[in-house]
Amino acid sequence: MVDPQHLQHVESDRSNESLFNIAKQARTLIIDMVWSAKSGHPGGSLSIIDVLTYLYFNELHVDPSDPENPSRDRFVMSKGHASPALYSILSLRGFFPQELLKDFRKINSKLEGHVHRGVPGIETSTGSLGQGIGIAVGMALTAKLDKKDYRVFVVIGDGEIEEGSVWESFMAASKYALDNLTIILDLNKIQLDGFTKDVMPLPDIESRVRSFGLNVRKFNGHNFDEIRNAIEFAKHEKGKPTLLIADTVKGKGVSYMENNPKYHGSPPASQEEYDLAIKEIGASKYEN
Amino acid sequence: MRIESPRESYGKKLAELGESHKDIVVLDADLSSSTKTQVFGKKFPERFFNMGISEQSMVATAAGMALSGKKAFVSTFAVFLMRTYEQIRQSVCYNNIDVKFVVTHAGITVGEDGATHQIVEDVGIMSGLPNMKVIVPSDSIETESVIQYLVEKTKTPYYVRLSREKFPVLNDDDYQFREGQNVVMKDGTDLTIFCNGAMVDFSLKAAEKLKELAIDTAVVNVSSIKPIDRKGIIDYARKTGHIVTAEEHSIYNGLGSRVAEVTAEEYPVIMQRVGMRDSFGKSGKGWELFDYFHMGVSDIVDAGLKVFREEKKYESIS
Chain A
9 MVDPQHLQHV ESDRSNESLF NIAKQARTLI IDMVWSAKSG HPGGSLSIID
59 VLTYLYFNEL HVDPSDPENP SRDRFVMSKG HASPALYSIL SLRGFFPQEL
109 LKDFRKINSK LEGHVHRGVP GIETSTGSLG QGIGIAVGMA LTAKLDKKDY
159 RVFVVIGDGE IEEGSVWESF MAASKYALDN LTIILDLNKI QLDGFTKDVM
209 PLPDIESRVR SFGLNVRKFN GHNFDEIRNA IEFAKHEKGK PTLLIADTVK
259 GKGVSYMENN PKYHGSPPAS QEEYDLAIKE IGASKYEN
Chain B
513 MRIESPRESY GKKLAELGES HKDIVVLDAD LSSSTKTQVF GKKFPERFFN
563 MGISEQSMVA TAAGMALSGK KAFVSTFAVF LMRTYEQIRQ SVCYNNIDVK
613 FVVTHAGITV GEDGATHQIV EDVGIMSGLP NMKVIVPSDS IETESVIQYL
663 VEKTKTPYYV RLSREKFPVL NDDDYQFREG QNVVMKDGTD LTIFCNGAMV
713 DFSLKAAEKL KELAIDTAVV NVSSIKPIDR KGIIDYARKT GHIVTAEEHS
763 IYNGLGSRVA EVTAEEYPVI MQRVGMRDSF GKSGKGWELF DYFHMGVSDI
813 VDAGLKVFRE EKKYESIS
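Residue numbers (my numbering), protein chains in the order written: chain A, 9 to 296; chain B, 513 to 830.
Hints were generated in silico from the structure; no laboratory data involved.
In silico DSS-like cross-links for lysine-lysine, where the CA-CA straight-line distance does not exceed 25 Å: (1) Lys226/A / Lys243/A; (2) Lys152/A / Lys555/B; (3) Lys248/A / Lys155/A; (4) Lys183/A / Lys246/A; (5) Lys555/B / Lys183/A; (6) Lys156/A / Lys248/A; (7) Lys156/A / Lys555/B; (8) Lys183/A / Lys534/B; (9) Lys152/A / Lys667/B; (10) Lys183/A / Lys554/B; (11) Lys118/A / Lys667/B; (12) Lys555/B / Lys155/A; (13) Lys554/B / Lys152/A; (14) Lys721/B / Lys751/B; (15) Lys554/B / Lys155/A; (16) Lys678/B / Lys524/B.
Start from the sequences and build out the full structure, keeping to the hints where you can.
Structure below.
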């Protein structure tokens, strides 16, 4: 077993530009995966990929050569349809060869359509919404019980919080004062059938969640300075779990996918669309 | 005959095993005084988690704890666990992790609380899940042995179905549960009653009455519904040629269905099923309801006689 000391912030001083370039590679991989599979969920993968990039390249104590080290930080992708985001970032981080991404959603591949635990670096299978957050609560509770200092991060979707089980988990996280748990809400404002405000309006999420006893902070989910500040805020809060609301754009980085419910669960519709997505991502440049 | 409560045996055994097995954690949903997990909770408060009336969160949290190396026991009333079918399916069974569901107040022995609390579909629901194993103990001794087995020998999902009522103690004190193996409670040559849970005692009584009618009846306890003892069922199908099943559960998707599947595939034998027939339960005293729903001792006897009558009918046709 690798000494827990080795699970340090491997690249904790990565520049924003460096993070941007990793996210750019991940975006390309996401498009390639859903294009090759001719199915999958690009919209919610592109909205959360900047946060994932920050977590895996600047924050999480994880070791690709020892993915089950007991001292590792835990990450749970509760919105399991964003599997292209998690699979791509794990491969970039070295958990498995990028080669495997080509077989996403195909028979004989471990890269199941929704997040699958058989893949190195993945803590739990997810796909049915409203469950991963409860699993994360169990992990954080176990860390407290065992007096371990690893942290648990979980990403939930803004459509996902329509599940009552999410609010049950808020109650439990609050009751057990899980300050080692950081819940990140990907507020991309779109779910499968359309805009969340139309499908099931949930205005003023911040005060609602705060009333459940959580710390709440909103930030721009595509700005690395804001992501860094938000994560640091959550880590330093004591006695309460934290919900970080990542204000994001669904489909971020591909013009025709941005804010378009169609691309919640559809790949590029044509070779032209695929080429355009790759071109736009490739041409994007880091701006201060 | 000694009468004991299987759920009390569960609570006691779990608390006893908690001493030597520090990895055990227990979760309940505001019913710990009824499920008896409070015995563990009082002894090991730091490892007991009352999740409130939030079963979905309870099951997902248990999954997270099992994924972090714990052996999680989850208890509530059987009927309320069913609302978390999908959590059980995806977070526990698909991950194939060490979560044990030990539920109480299953079946019609719940009694006065009535139909809303009397689930008779759960064995079918749970048996359909890949990676899930399903056990229906017949008394307090078998319950304790099952719990010990789960703690000491297993690391995958199990569903153990207990009742509210006290049951007659049928097994010897040194009884040891063996997964996937039937327990022959009484041998016989003419007819076999496959049964489990509360119906084992009823079946033994029915076998005595059938003996008086010159039908030598074997009684076989199928506490391990999944995995099921295929050989044990076929052996008795061959030996006796006539089968009755008796369960405190719907005849659909429970013991009766499983036995019929096994015999239909390997050695078809004429049979009758005793159990709930596509209906909800109702209020009443637990044991009174068995007669009301035609699941009492005399109904098992009638089912046994019917097997032979039906056989004669088939013979006259052929």
